[in-house]
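Residue numbers (my numbering), protein chains in the order written: chain A, 5 to 195; chain B, 2 to 458.
Please note that a few of the clues may not be correct.
[What the hints assert, rightly or not] Between beta-carbon pairs, the in silico distance windows are: (1) A/51 x B/305: 51 to 61 Å; (2) A/53 x B/17: 51 to 61 Å; (3) B/310 x A/28: 18 to 28 Å; (4) B/301 x A/96: 46 to 56 Å; (5) A/84 x B/273: 50 to 60 Å.
[Unchecked claim] Only some residues are given here: those of chain A computed to face chain B with a beta carbon under 7 Å: (6) 103; (7) 131; (8) 138; (9) 142.
[Stated by the list, open to error] Chain B stretches covered by chain A per the calculated footprint, using a threshold of three residues with CB under 8 Å from any CB of chain A: (10) 62-71; (11) 86-94; (12) 352-361.
These are computed hints drawn from the structure, not numbers from a lab. Glycine residues also receive a C-beta, built at the ideal position from the N, C-alpha and C atoms.
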Amino acid sequence: MKPEDQVVISVLLPDRVGILRDVTRVILDFQGNIGGIRQSIVDGFFSLTFTAALARPADPAAVRQALEDRLGAEAAVAVRPVTRTPSPVLPDGHPFVALTSGPDKPGTIHAISAFFVQHGINIADWQVEVANDQVVYIAQVRLPVDADPRLVQQAFRVQMALHGLAATLAHENIFRATNEIGPISALLTPA
Amino acid sequence: MLKQQDILGTLRMVQEEHLDVRTVTLGINLNRCARRDPAEQAEAVYTRIVACARELVGLCNQCADRYGVPIVNKRIAVSPASVLLEDHDAAAAVLLAEALDRAARAVGIDLLGGFSALVHKGMTPGARALIDALPRALTRTQRVCASVNVATTRAGMNVDAIRMVAQKLVETAAASAAQRGFAAAKLVVFANMPEDNPFMAGALLGAGEPDTVVNVGVSGPGVVKRAVERLLRQRPGATLDELAEEIKHTAFRVTRTGELIGREVASRLGVPFGVVDLSLAPTPRVGDSVGEIYQAMGVERVGAPGTTAAVMLLNDAVKKGGAFASSAVGGLSGAFIPIMEDHVLSEAVTRGTLTLEKLEAMTAVCSVGLDMILLPGDTTPEMIAGLIMDEAAIGMANRKTTGVRVIPVPGAGPGERVDFGGLFGSGTVTAPACAAGGETFVRRGGHIPAPIHSLNN
Numbered sequence: 005m006k007p008e009d010q011v012v013i014s015v016l017l018p019d020r021v022g023i024l025r026d027v028t029r030v031i032l033d034f035q036g037n038i039g040g041i042r043q044s045i046v047d048g049f050f051s052l053t054f055t056a057a058l059a060r061p062a063d064p065a066a067v068r069q070a071l072e073d074r075l076g077a078e079a080a081v082a083v084r085p086v087t088r089t090p091s092p093v094l095p096d097g098h099p100f101v102a103l104t105s106g107p108d109k110p111g112t113i114h115a116i117s118a119f120f121v122q123h124g125i126n127i128a129d130w131q132v133e134v135a136n137d138q139v140v141y142i143a144q145v146r147l148p149v150d151a152d153p154r155l156v157q158q159a160f161r162v163q164m165a166l167h168g169l170a171a172t173l174a175h176e177n178i179f180r181a182t183n184e185i186g187p188i189s190a191l192l193t194p195a
Numbered sequence: 002m003l004k005q006q007d008i009l010g011t012l013r014m015v016q017e018e019h020l021d022v023r024t025v026t027l028g029i030n031l032n033r034c035a036r037r038d039p040a041e042q043a044e045a046v047y048t049r050i051v052a053c054a055r056e057l058v059g060l061c062n063q064c065a066d067r068y069g070v071p072i073v074n075k076r077i078a079v080s081p082a083s084v085l086l087e088d089h090d091a092a093a094a095v096l097l098a099e100a101l102d103r104a105a106r107a108v109g110i111d112l113l114g115g116f117s118a119l120v121h122k123g124m125t126p127g128a129r130a131l132i133d134a135l136p137r138a139l140t141r142t143q144r145v146c147a148s149v150n151v152a153t154t155r156a157g158m159n160v161d162a163i164r165m166v167a168q169k170l171v172e173t174a175a176a177s178a179a180q181r182g183f184a185a186a187k188l189v190v191f192a193n194m195p196e197d198n199p200f201m202a203g204a205l206l207g208a209g210e211p212d213t214v215v216n217v218g219v220s221g222p223g224v225v226k227r228a229v230e231r232l233l234r235q236r237p238g239a240t241l242d243e244l245a246e247e248i249k250h251t252a253f254r255v256t257r258t259g260e261l262i263g264r265e266v267a268s269r270l271g272v273p274f275g276v277v278d279l280s281l282a283p284t285p286r287v288g289d290s291v292g293e294i295y296q297a298m299g300v301e302r303v304g305a306p307g308t309t310a311a312v313m314l315l316n317d318a319v320k321k322g323g324a325f326a327s328s329a330v331g332g333l334s335g336a337f338i339p340i341m342e343d344h345v346l347s348e349a350v351t352r353g354t355l356t357l358e359k360l361e362a363m364t365a366v367c368s369v370g371l372d373m374i375l376l377p378g379d380t381t382p383e384m385i386a387g388l389i390m391d392e393a394a395i396g397m398a399n400r401k402t403t404g405v406r407v408i409p410v411p412g413a414g415p416g417e418r419v420d421f422g423g424l425f426g427s428g429t430v431t432a433p434a435c436a437a438g439g440e441t442f443v444r445r446g447g448h449i450p451a452p453i454h455s456l457n458n
């Protein structure tokens, strides 16, 4: 499959039954095969990102128009040709989970993400739990291979405290060990 | 990707429910340290322990930080010290204990176990020397813990040894009268002693264990209690089998935490990983109590009828959850009932609702025995020997570990409060309903034969 036949597509619209069916119908019409795909629903809004390999070159604008026609006026669609496959970010990085909690106020996510950038940390996943007026942010992250996790942990606690946030940064193995079934020895990396 | 609820559930266990790794215990075999000269032997022991354990505390702290789970205690368990004393006397035993104490201090740990002797079938000169030395050894040292195994299901019960140990226990308490007999709290008398127990005061490195090994003790009574409370909030009419199921699931997660950390510490130290001991071991802190679990389950007054069944349910559910979590579960693994170290149990004894006799019944179904119990200062060695014999009989007949860790408080009488502070907690001096009348039986001495079911080949 030639790289110019591949596209990456994102779709955003209010959630309803049948969105994935409608999207995949359009891709099928373009004789496309879906590669990686991920969907999520945030506050009632459906978001989908996927790659697709098209059997024949197609104008991204045409693909976008077809999706918008199918999904309706409330849908926001982006279609980009894949000119190169991005390399994974920090594939060998230390997998950690960052938890931050505190009052819900503007700027918190920016503060957290700015810390991560400062330390070369990549966010692999981000979730939020809201209870009363307290928010817990859960980020699954990758620390650079040469980072000292203990120093990063300490800096994270200190910097988040400046924003009135309680913060924890723990290796993902503790969460996997307590919630998965499988040999513990398989989780351990060389010291 | 990890699920949000899984992450939050683990975080809740650690941050709100006091899940911790109660101990990482490094086992060290000292047999190669045997020397004819006691001073040389003591020095060899000191050198070996420091060489093996110098990085223990630092590596444990690194692992604790990595996973966000506190490792409360870092400890050492050595091979039975009596083996090094076969050609020595009690004075050499004291010298050895002092070397153990120095080594423990040098590597930054608070307790070291294994000043021990196994005498369930008979007593060697080394075992005798160690037992003779107990009062001096335990009063001259801060960090050394001692244990004596006096019975097994296979071998029977060595009553002569029990009588000797009981006498020494009384002497040990008397020798530490200024500390209210505290030295006796560092001595445990066992039946069916496990060889891989990481918890003090009864930890030692058994004969079949590796040269060095990491064993881990996880606790978490607060985690179990919160799990029970959560279930009952959602399902107020939950039945006992549903409670057992919830406890089992919680025990799974707690055990997995211990094994993860234990394996990582072992790997970093370059030694084998042994076992994770899942024992619900309380501390005096509110929220970290086994008694609170029984109360949450519905035993509002610990000691009332139903208490023994509650202990059995908890002990069994913990073992089942642990066994599914890991094939490396060992040690004691179950529920402890250390009176002074559990504020609910301590209060129940003070109120008189939890008696020594009820505790004895509970030891038949918990994972250890009569633990951290204060006795009157005038308690006779025969009474203590009788207590030990009763516990050993429970252990022998039921093929389980039982133990006795009692402290006769010099000058104290029933009802008096004693506070040892810290993790050792506080309690009320108590006495059996019938303290005397078995002396003639005890003084007969000898050996109680092994029960018939020990002949299982």
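Which hint numbers doesn't this structure obey?
When the structure is compared with the hints, numbers 2, 3, 8, 11 and 12 turn out to be violated.
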